[in-house]
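Chains as they are written, first to last, in our numbering: chain U, 103 to 471; chain R, 112 to 400; chain V, 505 to 789.
These aren't lab readings, by the way, just hints derived from the structure by calculation. Treat the numbers as computed from the prediction; the structure is a model and nothing was measured. Treat the hints loosely; a few may be bogus.
Straight-line Cα separation of at most 25 Å, SDA-like style, residue types lysine to any residue; simulated pairs [stated by the list, open to error]:
1) U:K220 x U:L241
2) U:K214 x V:V703
3) R:K205 x V:Y517
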Amino acid sequence: MQPHTENDLECIRIQKHFGSVRAVDDVSFEIPKGSFFSILGPSGCGKTTLMRMIAGFEQPSSGDIRIKGKSVIGTPPNRRNVKMVFQHLALFPMMNVYENIAYGLRCAGASKDVIRSKVHDVLERISLPDVANREISQLSGGQKQRIAIARCMVLDPDVLLLDEPLGALDLKLREAMKIELKLLQHQFDTTFVYITHDQSEALVMSDNVAIMNQGKFVQIGTPQELYHNPSAAFVAGFVGDTNRWAGRVTRVEGNTVEVETEAGLAMRGSIRGTGAPGVGDKVSAFVRPEFITAEKAGGSMQAGNGQNVIEGKVDSILFNGANSRVLVRDRAGELIEADVVLTGGPQDLKPKDDVTLSWSPEQTMSFKA
Amino acid sequence: MKQRDIKRLSLILLFAPFALWIVLLIVLPHLGMFYISLREKVAPRTYEFGLENYINFFAEPIYWNTLIRTGSMSLLVTVLALLLGFPIAYYIAKIAGQRSRGALFLMCLIPLWVSDLIRAFGWILLLRETGIISSSLQWAGLVNTPIEFLYNDATVIMGLVYTVILFMIVPLVSTLDGMDDSMIEAGYNLGGNGPTVLRRIIIPYAMPGIVSGCIVVFMLTAGSYLTPILLGGKNSSWFTEQIYDQFITRYNWESGAAFGFLLLAFTSLVVWGGLKLSGQTLNSTVARS
Amino acid sequence: MAIKPNTAFLASYRIYVALFFVFLAAPLVAAGMFAFNDSQFPSLPWQGFTLDWFFNDSEPKLGMFHDRRLLRGLYYSFVIASCVSLLSVFVGTCNAFLFVRCRFPAKDFFYIMMVLPLVIPGVILGISILLLASNIANGAEEALSLDLDFLRPGIVLVVLGQFSFITTITSLVIIARLKKFDASMEEAAYNLGASRVRVLRTITLPFLFPAMAAAGIVAFLVSFENFNTTLFLVGSEAPLTITMYDRMVKVGSTPVLNAVSFFLMIGSALLALVSILVQRDKPQT
Chain U
103 MQPHTENDLE CIRIQKHFGS VRAVDDVSFE IPKGSFFSIL GPSGCGKTTL
153 MRMIAGFEQP SSGDIRIKGK SVIGTPPNRR NVKMVFQHLA LFPMMNVYEN
203 IAYGLRCAGA SKDVIRSKVH DVLERISLPD VANREISQLS GGQKQRIAIA
253 RCMVLDPDVL LLDEPLGALD LKLREAMKIE LKLLQHQFDT TFVYITHDQS
303 EALVMSDNVA IMNQGKFVQI GTPQELYHNP SAAFVAGFVG DTNRWAGRVT
353 RVEGNTVEVE TEAGLAMRGS IRGTGAPGVG DKVSAFVRPE FITAEKAGGS
403 MQAGNGQNVI EGKVDSILFN GANSRVLVRD RAGELIEADV VLTGGPQDLK
453 PKDDVTLSWS PEQTMSFKA
Chain R
112 MKQRDIKRLS LILLFAPFAL WIVLLIVLPH LGMFYISLRE KVAPRTYEFG
162 LENYINFFAE PIYWNTLIRT GSMSLLVTVL ALLLGFPIAY YIAKIAGQRS
212 RGALFLMCLI PLWVSDLIRA FGWILLLRET GIISSSLQWA GLVNTPIEFL
262 YNDATVIMGL VYTVILFMIV PLVSTLDGMD DSMIEAGYNL GGNGPTVLRR
312 IIIPYAMPGI VSGCIVVFML TAGSYLTPIL LGGKNSSWFT EQIYDQFITR
362 YNWESGAAFG FLLLAFTSLV VWGGLKLSGQ TLNSTVARS
Chain V
505 MAIKPNTAFL ASYRIYVALF FVFLAAPLVA AGMFAFNDSQ FPSLPWQGFT
555 LDWFFNDSEP KLGMFHDRRL LRGLYYSFVI ASCVSLLSVF VGTCNAFLFV
605 RCRFPAKDFF YIMMVLPLVI PGVILGISIL LLASNIANGA EEALSLDLDF
655 LRPGIVLVVL GQFSFITTIT SLVIIARLKK FDASMEEAAY NLGASRVRVL
705 RTITLPFLFP AMAAAGIVAF LVSFENFNTT LFLVGSEAPL TITMYDRMVK
755 VGSTPVLNAV SFFLMIGSAL LALVSILVQR DKPQT
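Excised from the complex, chain U in its bound form:
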């Protein structure tokens, strides 16, 4: 085996069984040096187990984990240069900030002077130079977050694992911390592996995201790839908002299919993912709301240029500033979400308005079910 020194972390065919349950099932991936990697999946998908194996709290049933090219199977957690920020941070309440950060250095047997200079250095870097003597209970949520990261970073780890550390914060702070985490990662230039079930956290911060479901990695890619080119129906449905139909193929024409949904709506879509559907096969079709144009009926919309066009009635308006949407009920009685621009003027759509929806077949992602 040749050493892959360019990768900070490699997992090769990792499996973990609890009795008959496969918590992690044949997962392989590699993370290049200095990148921000997220593992995104619904709760119970095995992502926490995977991370606990990387940290060494669990042993994989089979497979290999390599850090900087060296296998760490059999190395206890306290000997791995992988540090972890816990879900509830696990800062030690009986110690103050200084002692919390110094803890790992003391375990490593560093001298007092080294500890002092390193702690102050790392506090400087997380822009909290004055909190060394505070008690943990005196810190704000965001400060605790940064101290938890500093406590790990002061040990100069090869990989930093973060287990949904933003979960406990309120919405505003969470938004701010997303940006801050990204900046911290750049500053420390260390590989971050971030576990979350919140897609917006993963998409905003990551260089690469792995989508995990039922113990398996479904797709690994950049946030944009995952969003625009999902390789499976699960990814299309899990990442980003989307309209979703189940239906059957009525015609196949190269890379394009004609689909009739269960409610009887006909549309054209592009084939995505693995496996080409034939006539009569079941498919799932996804269209993101921002690709659907909604106009008042009788407007300038022209049917026949290959667009999918359907008529409907506005059911309700979901106003949210720039991200406003309309819910349109089509003739078949289904609700379809479409992004709209609401200016506050008389031209805005209102409930009960008749509307025409249109979107391109290219944006109708169809997966063989």
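Take the given structure of chain U and dock chains R and V to it, following the hints.
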């Protein structure tokens, strides 16, 4: 697997003190007590096995009457402690303001750590013929002659309630404290009145605490020694007194062991019955932590 | 406030609560106040304030701090309570780790066994331990002509007898605290490079310490005031409660007993307060 060895070793190391404690100080002594209760001294250093000690107990009405009396008075004390203690616990947990709550609870706890002996001594000073209450009544001109309040059943029961009521209040406060106020408010909001909310919501919720308090109180009362003797005098006929009598005065350890075993069996039976009736288990009540 | 009952009801409720606390305090006040009465008997009328029952060094008003037998009782109580407290905290801590951290067969059964001593009447614990110890001692003497003096009624048996049920109390207190412990704290320390022993020493035990201290104080107080179990196991080294009881039965009540009572009440109250203070968590924000 090295990890597994460490786990097994630590399990053994942790289990050893527990096993030593339970086996040497609880299980073996009780088995031994049962064994000794089954033998009878026929001559110095010669013993015969049989149920003689138990037959003696049932043949002598004084003995089993005392046990019945102890049991029924203990039940009465338990009920009184619950009825008197519940409103206090409810007041501390739900009605008192945030600040006075802690202070009241503390005031409940402090007498808990004062010896039974001192508390009984205090009652003697209050209630005896030359005691504070008697002399105050005389001084106030309400009575002409000193009154003896000691040495009657009512005083014994009062004294026992006093001794054990805190063991009722403390678990009740912690149970009621864990109860969400909005549950009570929801009860009212959905149209319940005071008694229905109490009966349908508060009492079922507090049941583990109630049962736990009752078990501890009953056991403490039935096994108490000082309070009945000091407040009830030599003729208070408490069963523990009989045990002491057999052991220390008559030096008849075999019969004393039988009495001890009977007290244990009797109280366990009552507790078991109480648990069955209330649909609770030992784990859900006393052992709850 | 959960319910807002009408004011008349609330007022009578408050009066009841107040009366209850008067009831609670009455015998304690009675036991304490006569320690300061300048009279041979602990009864009214009030003869004036004195500290003789604490400090006077001659009969007939021999103060408690000059009464040899009481002082010896106090000393033995102190020795017994300290031993019981240390032992029961040690075993209680082991039990906490055993029942919170370990998995083993029949755990529920063993847990009930652990709680059981609390509901066995103290008198029974006393006699059963007395019987077993005496039988072993007798057997050893007859068969091996060994003189196992520590199994005769005395300080060792008193310690064992009290330890047998106080350990349940300490275990329950420490278990409750250990259950609240966030296990990820240990993992975090382990992850930061600490060895298992170091994790225990720097993270887990400091977290448990308040509960251990509180349990120790509670054990000390319960041991100090115990009478029922001790009564059967006591030898010539009688602890304070037994000495006081003897005095009460043989000599009758004298104000020196009030002085001891006052001293014990203040001592227990202070210790109980300390135990509550150490257990109080730092305010979390």
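Check your understanding: Which of the listed hints are not met by the structure?
Key -> Hints that this structure does not satisfy do not exist here, as all of them hold.
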